[in-house]
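Read off the chains here:
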Amino acid sequence: MLGDCLENVRKSVPLVHNITNYVTVNDVANVLLACGGSPIMSDEPEDVEDITSICGGLNINIGTLNQSSIKGMFLAGKKANELGHKVLLDPVGAGASALRTNTAVKLMDEIKFTVIRGNISEIKTLALGSGTTKGVDADVADAVTEETLDSAVAFVKSFAKETGAVVAITGAIDLVADAEKCYVIRNGRPEMGKITGTGCQLSGMMTAFLVANPDNILEGAAAAVCTMGLAGEIGWNNMKPEDGNSTYRNRIIDAIFNMDKETLDKGAKYEVR
Amino acid sequence: MLGDCLENVRKSVPLVHNITNYVTVNDVANVLLACGGSPIMSDEPEDVEDITSICGGLNINIGTLNQSSIKGMFLAGKKANELGHKVLLDPVGAGASALRTNTAVKLMDEIKFTVIRGNISEIKTLALGSGTTKGVDADVADAVTEETLDSAVAFVKSFAKETGAVVAITGAIDLVADAEKCYVIRNGRPEMGKITGTGCQLSGMMTAFLVANPDNILEGAAAAVCTMGLAGEIGWNNMKPEDGNSTYRNRIIDAIFNMDKETLDKGAKYEVR
Amino acid sequence: MLGDCLENVRKSVPLVHNITNYVTVNDVANVLLACGGSPIMSDEPEDVEDITSICGGLNINIGTLNQSSIKGMFLAGKKANELGHKVLLDPVGAGASALRTNTAVKLMDEIKFTVIRGNISEIKTLALGSGTTKGVDADVADAVTEETLDSAVAFVKSFAKETGAVVAITGAIDLVADAEKCYVIRNGRPEMGKITGTGCQLSGMMTAFLVANPDNILEGAAAAVCTMGLAGEIGWNNMKPEDGNSTYRNRIIDAIFNMDKETLDKGAKYEVR
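Residue numbers (this note's numbering), protein chains in the order written: chain A, 82 to 354; chain B, 82 to 354; chain C, 82 to 354.
Wrong hints could be hidden among the right ones.
For chains that are exact copies, the list does not tell them apart, and a pair is met inside one copy or across any two.
Taking lysine to any residue and the SDA-like style, the derived pairs with C-alpha atoms no more than 25 Å apart in a straight line are [unchecked claim]:
| hint | residue 1 | residue 2 |
| --- | --- | --- |
| 1 | K350 | P295 |
| 2 | K275 | R91 |
| 3 | K92 | E323 |
| 4 | K350 | E300 |
| 5 | K160 | N183 |
| 6 | K275 | I135 |
| 7 | K321 | E88 |
| 8 | K92 | I315 |
| 9 | K275 | E343 |
| 10 | K152 | E127 |
| 11 | K347 | P322 |
Derived from the structure by calculation, the hints contain no laboratory data.
Please work from the sequences and hints to get the whole structure.
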């Protein structure tokens, strides 16, 4: 069934507006193309409303936010809400600076997000609503492990209920939940953490999955997570001894490009709690 | 003869100033190096006049324009005109937002472009001079096909005459024309559309070809288009079953790096109308 | 002994704050991950002090400076100085525009740099303190060669003494010096110049080496230069006939990812003068 979500992306070629950081933006664009979507990037306040209007989804990533792009995020987000578009928040570095934390919290106050996707530290920061500067590891519970899984599942469901958004926490074990239901996903490889931007790439791709699966948001988000993780596994299998993280980046995007419904359905490792 | 244009780039190592989007800028730089040119990027208004002064050509791409970089485009463009440098416009997303359309139109009003290069939608938007927001597919005639080729050739020649620039429309069939003469080019692969920024890369590389072939602008522009398309073919032939769009991106740039005069002359597929 | 410097990076995983250009930023991030560090990018003035506070080192690269990021550089640099962090300056294009030259000079006036790393042209510009616009090749002595080596070594030691920073001049022969001692390094390949941003990558990686080797700054900087150059050699050996500069970029980062203490100690080619 997750394979259908991917197939829907390939069939509908959703146009996704990205306000994202300049570090990983090229990979985000290529991942969107790899999964069957179509990317547009624009962060200029005077430009974003027009651009988001012609898209089906908006991906807001605060990885290299600045005063101008922050304005763009609010304008684009409100316009996207008005038009009923899918909107995703990737709160990169929330907790690492006051500006990032406050911007993410304010975005959540003023914009209705379809999905909020981050690592456990970022999501914990948002759940606490803290506006003070924290180190990247401050106020962060242990990573999601088999031992802490029950409480993590309860946490993510509760934050999803509070925000009305699907919440995706990615890490060694990925959690994708609404208030009632949580996908616990065990795809991926630890080496993915040695590539910059796999999280950003997932956020871009996930937005395309949301647009293409409007009646199955939770499942669409989970399918995107499984696609990324499985591509990480397939890409790793294609590595040669002399390859490293730069080639691995290409191998993962390549694996998404070549992913089909059957491969995803067969390779997806998840349970629903 | 197109091969000589490439050879002239390799011999003269033209320095190209790029005001281009942050999505594909790294690939633009590497393509410029691959073809034998040398890239510099700068968009800060206070910096661009100095930078463009030491270059031979200027590549203006509005893909992620903002208020500051727009100012930079006008300042750099005027300075480059003053100095008699080659100047190329890549009106990315003209037609998709009012800001993009209006900026491109105003740039054409105030700056003399050597070449305007875009897809058929963007060029049609500019030819109509429309300042109202359009969807990316609005006001766009059908793609250039064998059936619509005659009228497309007439259109591109007429727009070239009106603007005084060489006009390059790239797509399945590429057209590169001045008022009198149109290169109809059939190099390339459809899979190139699954990589972000092949158009941006071409614009950067083409600017180097213009600088290196000052007395043969039309032919230089056509040679750049053939080089890109042929690299797309060669790159594709080097693909393995597990490769996808990310590796394809590398393969194309690699093929440009390895391209020589003979390969280009033998592989270029064009007619002149 | 240089291998220990690399090992210290892998053991301590230093967090490096980068204010760097948008052309090569993705490669800088992946190189930092490849060598064992961890990258964060932020240039917004309101964000940089918080971000730099949680890091151990700051890499300032003026490659695509703008009014906002320049403010960010000064704020971050001063905060990093306050906190005793390692701070590196990469004066990209100093000499090519008044803004670049003046910004680099002013940064050197107001911020204490641990290392200044650039090509011979950039460093000569800084050593002269000139604030007038120069072409990229103006006021530049011949490249460092075996013939000019003695005077180049004297120059770099003298500039290191004047600034109190370790100075790294990279090129065909690399020099890394403090006032007393100069590493003359002969790793690397000329083809590295056909990839955009190997210098930027080195600056990012070197900052991680400085953080991880606080009591051995000179040696840490030299180890980073040898790592980059040796990776260029190993990466080149892994090239196939159809490969070009884009694949070479990946091969070099891959080689850094796979580099270990023994490989570096065995492959490093240097003498101390």
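Verification of the supplied hints:
1. K350 to P295: within (23 Å within a copy, 44 Å between copies)
2. K275 to R91: between (29 Å within a copy, 12 Å between copies)
3. K92 to E323: between (37 Å within a copy, 22 Å between copies)
4. K350 to E300: within (14 Å within a copy, 47 Å between copies)
5. K160 to N183: The answer is both: 21 Å in one copy and 21 Å across copies each meet 25 Å.
6. K275 to I135: between (35 Å within a copy, 20 Å between copies)
7. K321 to E88: Between. Shortest inter-copy distance 23 Å satisfies the 25 Å Cα cut-off; intra-copy 30 Å does not.
8. K92 to I315: Answer is within: at 23 Å inside a copy they meet the 25 Å cutoff, but 29 Å across does not.
9. K275 to E343: between (28 Å within a copy, 22 Å between copies)
10. K152 to E127: For K152 and E127, the Cα distance is within 25 Å both inside one copy (10 Å) and across copies (14 Å).
11. K347 to P322: between (27 Å within a copy, 20 Å between copies)
Going down the numbered hints, you'll see the structure goes against none, and every one checks out.
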